[in-house]
Structures are given as structure tokens and as C-alpha cells.
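Counting in the numbering used here, the sequence shown runs from 194 upward without gaps.
Any given hint could turn out to be false.
Have a look at the derived ranges for each label pair, beta carbon to beta carbon [as the list claims (entries may be wrong)]:
(1) Asn423 / Arg303: 46 to 52 Å
(2) Thr456 / Arg376: 22 to 28 Å
(3) Thr456 / Lys396: 34 to 40 Å
With a straight-line Cα cutoff of 35 Å, these simulated DSBU-like cross-link-like pairs (lysine-lysine) come out [said to hold, decoys possible]:
(4) Lys201 / Lys227
(5) Lys227 / Lys452
(6) Lys452 / Lys422
(7) Lys228 / Lys452
(8) Lys457 / Lys345
(9) Lys398 / Lys345
Bear in mind the hints are in silico, worked out from the structure with no lab data behind them.
Yeah, the Cβ is synthetic: ideal placement off N, Cα and C, and Gly gets one too.
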Amino acid sequence: HYKDVLWKGVLPWVFDDLLRFVFPDADEVFDFDKKYVFLDKELEAIEREQSTGTGVRIVDSLVQVFRKDGREEWVLIHLEIQGNTRLQDRPLFPERMFRYFYRCFNGHERPVIAIAIFSGHDGMLLDSCYSYDYMGTQLQYSYNVLRILDYKEEELINSNNPFAWVVLAAKYALLRGANLDQRLLAGKLFIFRKLYENGVFEKKKLQSVFKFLDQYIRFQNSETIVIFKNEIDQITHKENAMDIFKEVAIEQTKYYFVKNLLTKTEFSIEEIASLADTSVDFVKEVQQEMQEFPEDLNEE
194 HYKDVLWKGV LPWVFDDLLR FVFPDADEVF DFDKKYVFLD KELEAIEREQ STGTGVRIVD
254 SLVQVFRKDG REEWVLIHLE IQGNTRLQDR PLFPERMFRY FYRCFNGHER PVIAIAIFSG
314 HDGMLLDSCY SYDYMGTQLQ YSYNVLRILD YKEEELINSN NPFAWVVLAA KYALLRGANL
374 DQRLLAGKLF IFRKLYENGV FEKKKLQSVF KFLDQYIRFQ NSETIVIFKN EIDQITHKEN
434 AMDIFKEVAI EQTKYYFVKN LLTKTEFSIE EIASLADTSV DFVKEVQQEM QEFPEDLNEE
């Protein structure tokens with residue numbers, strides 16, 4: 194799913210901010226002077242064991258983070274991003290979290306901190322713990338939960354934490370109803386203007402949040418992209434605007450081209466991929482998104 198890829202791309206740049214967002218005392222606990230490490234290969238091995246073929250789509254990250262105290266040299270942060278899920282898949286998520294926990298703990302013999310980020314509309318319907326009870330054998334595994342819709346807009350706007358702006362962008366992306374493009378445009382421009390004019394964090398981190406913002410919040414009409422670009426030119430006085438959005442513009446143009454071909458033609462997925470000069474997987478992702486969020490959901 195294209196949004197999974199966006200979360201995966203922005204997390205390495207704002208991971209320390211995520212920890213500060215979830216844990217107010219993060220700077221007292223973790224040694225951010227030492228570089229944290231994303232353990233992709235270790236996680237891939239766990240995922241191969243974990244695969245159940247259920248269709249649950251989750252972004253996983255396993256991160257090595259050093260602590261300030263001498264009791265533990267480092268801890269593992271198990272992070273999950275979960276969007277909207279099918280009704281039958283929702284009960285599977287807590288068990289998946291538990292299975293990851295014991296495999297991480299068994300494989301590394303280090304403390305494990307688990308964080309689940311629920312980025313979809315159904316976040317309130319997903320549990321924050323896994324329970325097991327069978328003939329006197331009982332177990333309850335709880336994990337930290339961050340539900341995008343739990344946070345008020347004012348709370349996020351007043352935060353000086355870069356991750357708060359990632360949450361705000363994800364929150365705006367969940368908007369539905371009438372005049373959707375106008376509301377998305379207003380929210381997207383508001384975030385861009387605040388970040389660009391205030392310069393609240395370093396350039397690389399800023400650019401990663403910009404890219405997340407621009408690709409995560411997608412307009413329904415291609416005309417709105419032009420309006421957005423013109424507004425960005427005015428805000429930046431055309432300084433660095435193309436550098437920030439060049440890749441984004443190419444990706445969005447391809448997205449709408451594929452969407453139109455899926456809607457208005459009878460070409461096969463392979464033919465559409467060839468016409469759009471993109472991968473079959475990308476076409477399938479656009480097709481799945483159209484099925485999950487058809488146009489009529491955006492109108493009241």
C-alpha cells in the first residue's frame with residue numbers, strides 16, 4: 194500500500210521525535226547522541242516466520258536504541274503502523290503484536306518496547322492488548338498505542354515536536370465528506386506554511402516531513418494539484434519549491450494516470466503498468482485503494 198511506503202520512508206527521520214511524542218521522558222531514558230539502527234534484516238526473518246497469509250497489511254520496524262543508564266546497553270523498539278483493516282482481520286492484530294514480541298525477545302534477549310500506531314478510521318476498534326486464557330493458563334500482553342484520531346488539531350498545532358506534524362498530516366488525510374479537496378487543500382497548505390516559515394527543525398527532517406505531507410494527503414481532482422503548487426510558489430517565492438516537490442509531482446501524475454486508466458478503460462493491469470511506465474505492484478496498489486475508498490465515500 195502506498196501509504197505504508199510513506200510511513201516507512203518518514204520514520205527513520207522522525208523516529209527520535211516519535212519516542213518523545215509517546216514517552217515524555219524519552220530524553221532522560223534514551224541516549225539520542227548514539228545513532229539508532231533500523232534492524233531490517235532481523236525483522237524480515239521474523240516476518241517470514243510470522244507470515245499467516247491473512248491479508249493484514251502492516252508496516253513493521255524493529256529499531257535498536259541505546260539507553261542512558263548502565264543497566265541495559267540497548268533496547269529494541271518494535272513499531273507497527275496499522276491502517277484500516279477488514280472486519281475479520283481486526284482480532285488478529287493483538288496476537289500478531291504478541292508473536293513479534295516474544296520472537297524479538299527470544300532472538301535478542303533484550304528489553305522490548307512495542308508501539309502500535311493506528312492510522313485508519315477504525316483505530317478505536319483495534320485492541321491495545323493481547324489476552325490468552327485456557328484452562329488456568331493466563332497471559333495478558335499490553336503495548337503502547339497511538340491512535341491518530343485521538344489527537345485534537347489544536348494540540349498537534351501547538352506542539353514543537355516534528356512528529357506531531359506527521360500525525361496532523363495523517364489526521365487530515367482521514368477527512369471525508371463534502372468539499373473534500375477544498376478542506377484537504379486548506380489543511381495541507383496550513384501545515385506547509387507553518388513548517389516552512391517557522392523552520393522548526395533541520396533541513397533533512399523538514400524535507401522528509403514535506404514529502405510525507407504531500408504524498409500522504411492526496412487530492413481527488415488533478416486541478417487542485419495545480420492550485421496547491423501555485424500557492425507553494427507564493428509561499429516560497431519559488432525558492433526550492435521544485436526541489437521539494439519534483440519527485441512528488443511525478444508520482445502524483447502517474448497515480449492519476451493509472452487511476453483514470455483503471456476507471457475508464459478495460460486494459461489489463463499489465464497493460465496499464467506498461468502504458469504508465471510503472472510497476473504492476475503500483476497499479477495493484479491504486480486499484481486496491483479505489484476499492485477500499487470508492488468515490489461515493491467522499492460525499493455526504
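Now for the hints, and whether the structure bears them out:
1. Asn423 / Arg303: 46 to 52 Å: holds (51 Å)
2. Thr456 / Arg376: 22 to 28 Å: holds (23 Å)
3. Thr456 / Lys396: 34 to 40 Å: About 39 Å separates the Cβ atoms of Thr456 and Lys396, which means 34 to 40 Å holds.
4. Lys201 / Lys227: holds (21 Å)
5. Lys227 / Lys452: With a Cα-Cα distance of about 44 Å, the restraint between Lys227 and Lys452 is violated, given a limit of 35 Å.
6. Lys452 / Lys422: Measuring from Cα to Cα gives roughly 21 Å; hence the hint holds.
7. Lys228 / Lys452: Roughly 41 Å between the alpha carbons, so the hint for Lys228 and Lys452 is violated.
8. Lys457 / Lys345: At roughly 39 Å apart (the allowed maximum being 35 Å), Lys345 and Lys457 break the hint.
9. Lys398 / Lys345: holds (23 Å)
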